[in-house]
Amino acid sequence: MLPLAGSNNESWYQGLDGLASRSAAYYQQGAKWRTVVSIPNGPSALAVKEAAWGLARYAAISQPEILLDGEHNIDRTFEVAKQVWAEVFFYLAKNNVMFEGILLKPSIVTPGAECKDRATPQQVADYTLNLLRQRIPSAFLSGGQSEVEATLNLNAMNQSPNPWHVSFSYARALQNTCLKTWGGRPENVKAAQEVLLVRA
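The opening position of the sequence shown corresponds to residue 903 in the numbering used here, with each subsequent residue numbered one higher.
No lab work stands behind these hints: they were computed from the structure.
Idealized CB from N, CA, C, for every residue including glycine.
A few of these clues could be false.
Under the rule of at most 20 Å between Cα atoms (straight-line distance), these lysine to aspartate or glutamate pairs were calculated in the EDC-like manner [as the list claims (entries may be wrong)]:
#1 Lys1007 - Asp1019
#2 Lys1007 - Glu981
#3 Lys1007 - Glu973
#4 Lys951 - Glu973
#5 Lys1082 - Asp1028
#6 Lys1007 - Glu1051
#7 Lys996 - Asp1028
#8 Lys984 - Glu1049
#9 Lys996 - Glu1049
#10 Lys996 - Asp971
#11 Lys984 - Glu973
#12 Lys1092 - Glu1051
#13 Lys1018 - Glu1089
#14 Lys1018 - Asp971
#15 Lys951 - Glu981
#16 Lys1007 - Glu1049
#17 Lys1007 - Asp971
Taking CB as the label site, the calculated pair distances span [as the list claims (entries may be wrong)]:
#18 Asn998 - Asn1090: 33 to 39 Å
#19 Arg1035 - Gly944: 34 to 40 Å
#20 Pro1088 - Asn998: 30 to 36 Å
#21 Val1100 - Gly1046: 42 to 48 Å
#22 Ala1073 - Asn975: 44 to 50 Å
#23 Lys996 - Lys1092: 30 to 36 Å
#24 Arg1087 - Ala995: 21 to 27 Å
#25 Leu904 - Asn1090: 20 to 26 Å
#26 Asn1090 - Arg1035: 19 to 25 Å
#27 Pro1063 - Val1091: 21 to 27 Å
#28 Pro942 - Gln1024: 39 to 45 Å
#29 Ala1015 - Gln930: 31 to 37 Å
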């Protein structure tokens, strides 16, 4: 991640150079590539364009994550997400990415982490599904939400009428308590598995 010249203190990601020769080794290590968009600093049109262009070039592993940092409300996140997704799909088309083969992994639409006006899981579901209805099936990343919050938000989306099943790609939000319960100790494996099953 490098500073993006001419922006509002925003960043851009590099790494396409030499990617082909590094991909196999990185894949074996479970690596992924994503870009993030920061709301408190903008986002500037330049940062959105750079993020969208980079995602389109990395199309097989696109993850447009709208950061939770800030005091913005859910309406602001929704507007930024619409802007980012419009740009991402524009540049995916420019890079001849087959839309039918895309599995987009975006953030769930939530207020900023410091926003005093917290959204209910149903509000999060409504905003996110409203955004999704204009796009394609997705697997969500938890984007810094707590385990309970991420699970409740995803569950509320799947309880709402929508044309597809919404899946997830959670690490921390699904595994955190499980890993703490396990603690690397063989005698804790069963308890950790039970915790994981409850969360899943």
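Do the hints match the structure? See the list:
As the CA atoms of Lys1007 and Asp1019 are separated by approximately 26 Å, the hinted pair breaks the 20 Å bound. Proximity of Lys1007 to Glu981 is assessed by CA-CA distance (about 18 Å); at most 20 Å being required, the pair is judged to hold. As the CA atoms of Lys1007 and Glu973 are separated by approximately 24 Å, the hinted pair breaks the 20 Å bound. As the CA atoms of Lys951 and Glu973 are separated by approximately 24 Å, the hinted pair breaks the 20 Å bound.
Taking the CA atoms of Lys1082 and Asp1028, the gap is near 32 Å; set against the 20 Å cutoff, the hint is violated. Distance hint between Lys1007 and Glu1051 is fulfilled; the C-alpha atoms sit about 18 Å from each other, no more than 20 Å. Distance check on the hinted pair: Lys996 and Asp1028 sit about 30 Å apart at the alpha-carbon level, beyond 20 Å; violated. The straight-line distance between the Cα atoms of Lys984 and Glu1049 is roughly 25 Å, outside the 20 Å bound, and the hint therefore fails.
A hinted pair counts as satisfied when its Cα atoms are at most 20 Å apart, and Lys996 with Glu1049 does not qualify at roughly 37 Å. The straight-line distance between the Cα atoms of Lys996 and Asp971 is roughly 30 Å, outside the 20 Å bound, and the hint therefore fails. Restraint check: the Cα-Cα separation between Lys984 and Glu973 comes to about 19 Å, which is no more than 20 Å; the hinted pair holds. Our distance criterion of 20 Å between C-alpha atoms is broken by Lys1092 and Glu1051, whose separation comes to about 25 Å.
Only pairs whose Cα atoms come within 20 Å are accepted, and Lys1018 paired with Glu1089 is rejected, the gap being roughly 42 Å. Taken as a hint, the Lys1018 and Asp971 pair is honoured in the structure, with Cα atoms around 13 Å apart against an allowance of 20 Å. Restraint check for Lys951 and Glu981: the C-alpha separation of about 15 Å stays at or below 20 Å, so the hint holds. A C-alpha spacing of about 18 Å is found between Lys1007 and Glu1049, which places the hinted pair at or below 20 Å, so the restraint holds.
Distance restraint check for Lys1007 and Asp971: the Cα-Cα separation of roughly 19 Å lies within the 20 Å cut-off, and the hinted pair is therefore satisfied. Restraint check, Asn998 to Asn1090: a C-beta distance of roughly 49 Å breaks the suggested window 33 to 39 Å. Take Arg1035 and Gly944: their Cβ atoms lie about 26 Å apart, and the range 34 to 40 Å is violated. Against the hinted window of 30 to 36 Å, the Cβ-Cβ separation of Pro1088 and Asn998 comes to about 50 Å, which falls outside the hint.
Remark: the range hint 42 to 48 Å for Val1100 to Gly1046 is contradicted by a beta-carbon distance near 21 Å. At about 27 Å, the beta-carbon gap between Ala1073 and Asn975 misses the expected band of 44 to 50 Å. With their beta carbons about 51 Å apart, Lys996 and Lys1092 fall outside the hinted range of 30 to 36 Å. Under the hint 21 to 27 Å, the C-beta atoms of Arg1087 and Ala995, about 51 Å apart, miss the expected range.
A beta carbon spacing of about 41 Å between Leu904 and Asn1090 contradicts the range 20 to 26 Å that was offered as a hint. Restraint check, Asn1090 to Arg1035: a C-beta distance of roughly 43 Å breaks the suggested window 19 to 25 Å. Between Pro1063 and Val1091, the C-beta spacing of about 40 Å breaks the proposed range 21 to 27 Å. Separation of Pro942 from Gln1024 is about 26 Å and departs from the stated range, judged on CB atoms against 39 to 45 Å.
Separation of Ala1015 from Gln930 is about 34 Å and conforms to the stated range, judged on CB atoms against 31 to 37 Å.
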